[in-house]
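**Student:** Single-letter residue listing:
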Amino acid sequence: MICKIAKKEFLLNLMTFKFAVGTILCVVLMIVFMPVLVNDYKQRLKDYNANVAATQAELQKAKVYHTIFMGWRHYIYRPPAILSVFSKDIEHNVGDSVRIGVYEVPELSAGSREVNPYVSILPTLDISLIFKIIISVLALLVACDVISNEREQGTLKLMLSTGVARYQVLLGKLLAGWMTLFIPVTIAFITGLLIWQFSAMIDLTGADWALIGVIYFASLIFISVMYNFGLFASCMTKRSSVSLLLTLFFWMFFIIVVPNLSLHLATFMRPLEPEEATEKRLQEIRERQTKERREAENQIPSRGEIIDIDDGLGRFYVICDQEGIAYRQKLHAVREALFVKHVEQRWNVSHAYVENLFKQKQLANTLSRISPISLYGAVTSALAGTDASSCQDFVIAARGYRQEVIDYIRSKTDNFSLACFFTPFGAVDTNIIKRYNDPTADAEEVQKWKEIKRAQAKSLNLEDFPHFVWKPDVVEAIIRAIPSLSALVFVSVLMFALSFVAFMKYDVR
Amino acid sequence: MIFIIMRKEILQNLLSLRFILLLLLILSLFASSGFVFVGKYRTQSDDYWKKTNENLSGFRNQAGQLYKLAFYEQDIWIKPKALTFCVGGYEKSLPNCFGTDVFLSAWWVKGRHNFLLHHFGDLDWVFIISLPLSFMALFFTYDSICGERDAGTLRLILSRAIPRYKVLLGKYAGAMITIGMPLFVGLLVSLIIVISSGIVELHTNDWTKILVIVLLSILYLSIFTLLGIFISSRMAYSTNSMVVLLLVWVGLVILIPCLGRAVSDVFYKAPSGAEWTRRYSEMLDQLERQAQAGKFGKNALGFHSDPNHPSVNPPAAARYWNAFSEGVMQQREDGHNQRVAQALAGRRFACLSPTVLYQQASEVIAGTGIHRCISTWEQIKRYKSQLKEYVLSNDAEDPDSLHLLFAFEYAVGNWQAISNKPVDFDTVPKFQEQELALGQSIKLAIWDIGLLALFNLVFFAASWVSFMKYDVR
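Going line by line, the protein sequences match chains A and B. Each step along the first sequence adds one to the number in the working numbering, with nothing skipped, and position 111 is 111. Each step along the second sequence adds one to the number in the working numbering, with nothing skipped, and position 176 is 176.
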């Protein structure tokens, strides 16, 4: 009997105007949006590849380890998430690069260098939006009159008078609803994936396919939540127009009011201290540290002759005589060790600030989870690797890489004390340096000599230099999505249970 | 007769469940918006005055030596606006702090901004009206024609020889008044909360702007009312009418603005941060090479605390440093312009949506949002020139000065390249944000207002034609 009811309902649904319009719209939107989103991804991937290549080329030009240590032009980049077409979340709001050098420990940021704040006037577009809006509305429209409309037409009375159990009617309708909604979801997914597959430059790995599979599964659960919600409204009301009104009212509440209000509530319940207060504290620490460093440097008396060479684009090194080298060796051994220690102290302050941002974000997420639409958003962003935690994973990996680079330089330069740390040459004759250091010397001659020296300086052999490779962890992404996905399943079961109770008491007259 | 139809429509709507739900939702949203604004504005104002006073006192401390005024990097904060309770204009995500000395200016998003939060919009009047209320406007009109046809009452009305246009106008007026009731009660609640908090003082100019925003809101809601009537007069069944309206609403209010962002990201994307860093480094490198090649004169890069030392050449150094600051400023300017261009291109595309038009027009009228940021940046640049003029004119009176102003503070101070005599701080120009007069704002928003009116006309004409041909059987 359940199958019969399901079949009848399913066929009826297929022939409705709302089903036709909803399905066609989903496909059309997929056809319009997918190429735009794929293009956006391809452009970002191109930028990423160019940036990585530029960094590699830049590294090869380093002539002393000091250049790499300072990290003036040594950036690493977060590759764009391949599944960002499904959900962009905050991927565009945070910087996609971090500097690897002694001056700073990588931290999540959205500085004006990386992010364009002006585009925040426009909301972001991704595929999950189609599901959050169009298919959820379709699910509600399909479900909201399944009981109340049959009551209005008198067919419910007729059906129950033939001895069909109420639970059979409800299960039949549930099954029919799922089958009906399965069609637009699947067609939309297949259309999107076909467009995606025909785009060059995009290679999906097995892990990506697995994640897409989970996103598809999550979409089906989400649709069942929305359907069960509509079913519940239909079981609670006697007129289909009232159930339509109620479901759409709550839909709007879930999609507009809850996500927005949860942000405002989170900012009130967990206010942040202004960023400038952190900057001020950092400035005070920086001043104290500069003083400490100067005192340490003053303990080492300056000796020997030294000439600074600027090799362009931040690549500095020195040419010294024997005494100058000895002086620099002592100086760097002390100074660089202090740099490493000091930057850790400063990072503790800036990290505490970022942690507060995360706590506020966490609170906003928790509050917004009363909306199934927000739950679905959280699942897709976690699986797509565009949520705050995934972006933070990249920063954590970057921190590890920075430490690796520092350790590498330490090992190559005996704790920054070998001459190769600051000069590509051995000791140069004192008289030569004195000659070119003389302020009255002919500027052209000095320049010519420096050019010769620049040409003579050899680049470092960086064959064993650590390379940064970052790949999002698929298992971690799925684990992150599980709480929200479980919540969606729970809401779906709860709504069905409520519908069941309501239908058992439903007055069919 | 129009009046009778209108009264019937209003009474019918007022007694419906949808009106009660709408009233509850809209009132709670307007009240929340008022409370959110009061809390936020208080904190923002405190922060603003604290930072502005700190900046001013720091600036005052430099007045002991003229050259120091030129090098003091002022942090100029955007003043929180009272009218953000009407339209916030996404200001919490836009640059709110501008730094400037006489050479360089920069902008930042600072304060209590959390970039991890995905801001959907400010909980302000424009948000409430453009999303929930416009949605509700459809609820009152989706069955205005086809619903009556279903019930058979449309045939009855028309059989009494009432012209169709009167029915249409009556229904339109009835729906508008019904939607207007929660709107005005909501606005009133919000205003009462804001004014009774005592933290905001609204002047005549502000009241006029509020009035214009309310008129814009009516114009905007009228579009959705007419859209509802139009679709209702194209459909035979009210459920079908609701389906189509829902989808059109989603398209106009949510999808088109999102598509605007996607289009701007793909076709108008500003260069990435890495690209700017590369350009910046190349510019510096090129400048240094030019300096080494003697373009700015001998020893342009040399430095010694004594300006007469043979290793230095103050005029050459001044030329080099001025070229440096101009180059950096040009890059910042380009960076700013391209970022703004990206956002505005997306918005222009999104102007296919009446929601974006309404949002934009309201922002311009209230003086908030992206246009305020752009205007402040321009004002900051003008102020920078004004301050430079002031320093140079005062410096000209000092015979001991070298009269060379360039962006290397240590050299300028040591060489006395600019006078180090004290100046009267009261005569020093201070930054004051200039607001646009209402007339100018309306002039700026005239296209948006015109397009909103056009949407009204188009939907009205469409409803008219559809209803005239509507088969009432």
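Please note that the accuracy of each hint is not assured.
[Said to hold, decoys possible] Cβ pair distances, simulated, as ranges:
| id | chain 1 | residue 1 | chain 2 | residue 2 | range |
| --- | --- | --- | --- | --- | --- |
| 1 | A | 300 | B | 426 | 55 to 61 Å |
| 2 | A | 355 | B | 444 | 53 to 59 Å |
| 3 | B | 444 | A | 20 | 42 to 48 Å |
| 4 | B | 327 | A | 403 | 50 to 56 Å |
| 5 | A | 439 | B | 403 | 22 to 28 Å |
| 6 | B | 215 | A | 20 | 55 to 61 Å |
| 7 | A | 403 | B | 410 | 51 to 57 Å |
| 8 | B | 333 | A | 270 | 52 to 58 Å |
[Stated by the list, open to error] Listed below are the simulated EDC-like cross-link pairs for lysine to aspartate or glutamate, each with C-alpha atoms no more than 20 Å apart in a straight line:
| id | chain 1 | residue 1 | chain 2 | residue 2 |
| --- | --- | --- | --- | --- |
| 9 | A | 238 | B | 150 |
| 10 | A | 341 | A | 295 |
| 11 | B | 469 | B | 73 |
| 12 | B | 298 | A | 310 |
| 13 | A | 63 | B | 150 |
Derived by calculation from the structure, the hints in this document are not laboratory data. Just so it is clear, the structure is predicted and the values come from calculations on it, not from any experiment. Ideal Cβ placement from N, Cα and C applies to all residues, glycine included.
**Student:** None of the hints should be skipped; say for each whether it holds.
**Tutor:** Here's how the hints hold up against the structure:
Separation of residue 300(A) from residue 426(B) is about 49 Å and departs from the stated range, judged on CB atoms against 55 to 61 Å. Checking the proposed 53 to 59 Å range against residue 355(A) and residue 444(B) shows it is violated: the Cβ atoms sit about 43 Å from each other. Look at residue 444(B) against residue 20(A): about 44 Å separates their beta carbons, and that is inside 42 to 48 Å. Hint check: residue 327(B) to residue 403(A), Cβ distance near 36 Å, so the stated range 50 to 56 Å is violated.
Range check, residue 439(A) to residue 403(B): about 25 Å between beta-carbon atoms, so the 22 to 28 Å window is met. The hint said 55 to 61 Å for the Cβ distance between residue 215(B) and residue 20(A), and at roughly 40 Å that hint is violated. Taking 51 to 57 Å as the suggested C-beta distance range, the pair residue 403(A) and residue 410(B) does not conform, at roughly 35 Å. Range check, residue 333(B) to residue 270(A): about 38 Å between beta-carbon atoms, so the 52 to 58 Å window is missed.
For the proposed pair residue 238(A) and residue 150(B), the alpha carbon gap of about 19 Å is at most 20 Å, so the pair holds. At most 20 Å may separate the alpha-carbon atoms for a hinted pair to count; residue 341(A) and residue 295(A) meet this at roughly 15 Å. Restraint check for residue 469(B) and residue 73(B): the C-alpha separation of about 69 Å exceeds 20 Å, so the hint is violated. At roughly 18 Å between alpha-carbon atoms, residue 298(B) and residue 310(A) fall within 20 Å of each other, so this suggested pair holds.
Restraint check for residue 63(A) and residue 150(B): not satisfied, since their Cα atoms lie roughly 84 Å apart, outside the 20 Å limit.
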